[in-house]
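Chemist: Counting from 1, one number per residue, gives the positions in the sequence shown under this note's numbering.
The set of hints was computed from the structure by calculation and includes no laboratory data.
Even glycine gets a Cβ: it sits at the ideal position worked out from N, Cα and C.
Treat each hint with caution, since some may be false.
Stated by the list, open to error - For each label pair, taking beta carbons as the anchor points, the in silico distance ranges come out as:
1) GLU45 to TYR105: 17 to 23 Å
2) ARG80 to SER132: 38 to 44 Å
3) GLY135 to ASP16: 27 to 33 Å
4) ASP109 to SER132: 33 to 39 Å
5) ASP16 to LEU126: 17 to 23 Å
What the hints assert, rightly or not - Each computed DMTMM-like pair below joins lysine to aspartate or glutamate, with the alpha-carbon atoms no more than 20 Å apart:
6) LYS48 to GLU19
7) LYS116 to ASP68
8) LYS116 to ASP55
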Amino acid sequence: MSVGILLITHNRLGADLMETARGMLRETPLSVANLAVSPVSDPDEILKRARELCDRLDTGNGVLVLTDMFGSTPSNIACRLCNDAHQVRILAGVNLPMLIRIFNYPALDLDALMDKALSGGHDGVLNCQEVSRHGKD
Numbered sequence: 001m002s003v004g005i006l007l008i009t010h011n012r013l014g015a016d017l018m019e020t021a022r023g024m025l026r027e028t029p030l031s032v033a034n035l036a037v038s039p040v041s042d043p044d045e046i047l048k049r050a051r052e053l054c055d056r057l058d059t060g061n062g063v064l065v066l067t068d069m070f071g072s073t074p075s076n077i078a079c080r081l082c083n084d085a086h087q088v089r090i091l092a093g094v095n096l097p098m099l100i101r102i103f104n105y106p107a108l109d110l111d112a113l114m115d116k117a118l119s120g121g122h123d124g125v126l127n128c129q130e131v132s133r134h135g136k137d
């Protein structure tokens with residue numbers, strides 16, 4: 001059993017990130033689902049679908065939910081999953097380095113995987129000019 005991954009993002013952002021990650025890694029060792037939220041989406045319908053996806057993704061080790069921006073509709077929907085029966089952790093600010101880090105550590109438990117995801121997201125944001133001049137510490 002492993003942690004399930006649910007992306008809840010604006011429009012195609014989550015799907016595009018997943019497509020790119022799959023292209024880079026060739027294989028994603030965790031169960032992943034994507035839920036796109038458009039400007040005309042009904043938040044209650046999206047929440048219902050998110051709960052269904054959590055039911056499918058949670059094989060006993062919980063679900064890591066990734067959203068694009070804290071305080072936005074996708075993030076607010078994700079936060080409503082915390083009160084459900086599943087063990088859920090939620091991170092906002094999903095980016096490609098975060099996803100790659102997650103897929104490089106598929107055997108971790110939910111809390112450890114959340115920590116790896118968070119560090120991957122942070123470590124993946126760099127001032128390229130500074131790195132070029134001084135190297136990465």
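Chemist: Next step is simple, just say for each hint if it's right about the structure.
Modeler: Going through the hints against the structure:
1. GLU45 to TYR105: 17 to 23 Å: 33 Å, violated
2. ARG80 to SER132: 38 to 44 Å: 43 Å, holds
3. GLY135 to ASP16: 27 to 33 Å: Since the Cβ atoms of GLY135 and ASP16 sit about 31 Å apart, the hinted range of 27 to 33 Å holds.
4. ASP109 to SER132: 33 to 39 Å: 37 Å, holds
5. ASP16 to LEU126: 17 to 23 Å: 21 Å, holds
6. LYS48 to GLU19: Violated - the C-alpha atoms of GLU19 and LYS48 are around 24 Å apart, more than 20 Å.
7. LYS116 to ASP68: Satisfied, since the Cα-Cα distance of roughly 17 Å is no more than 20 Å.
8. LYS116 to ASP55: 24 Å, violated
In summary, the numbered hints that this structure violates are 1, 6 and 8.
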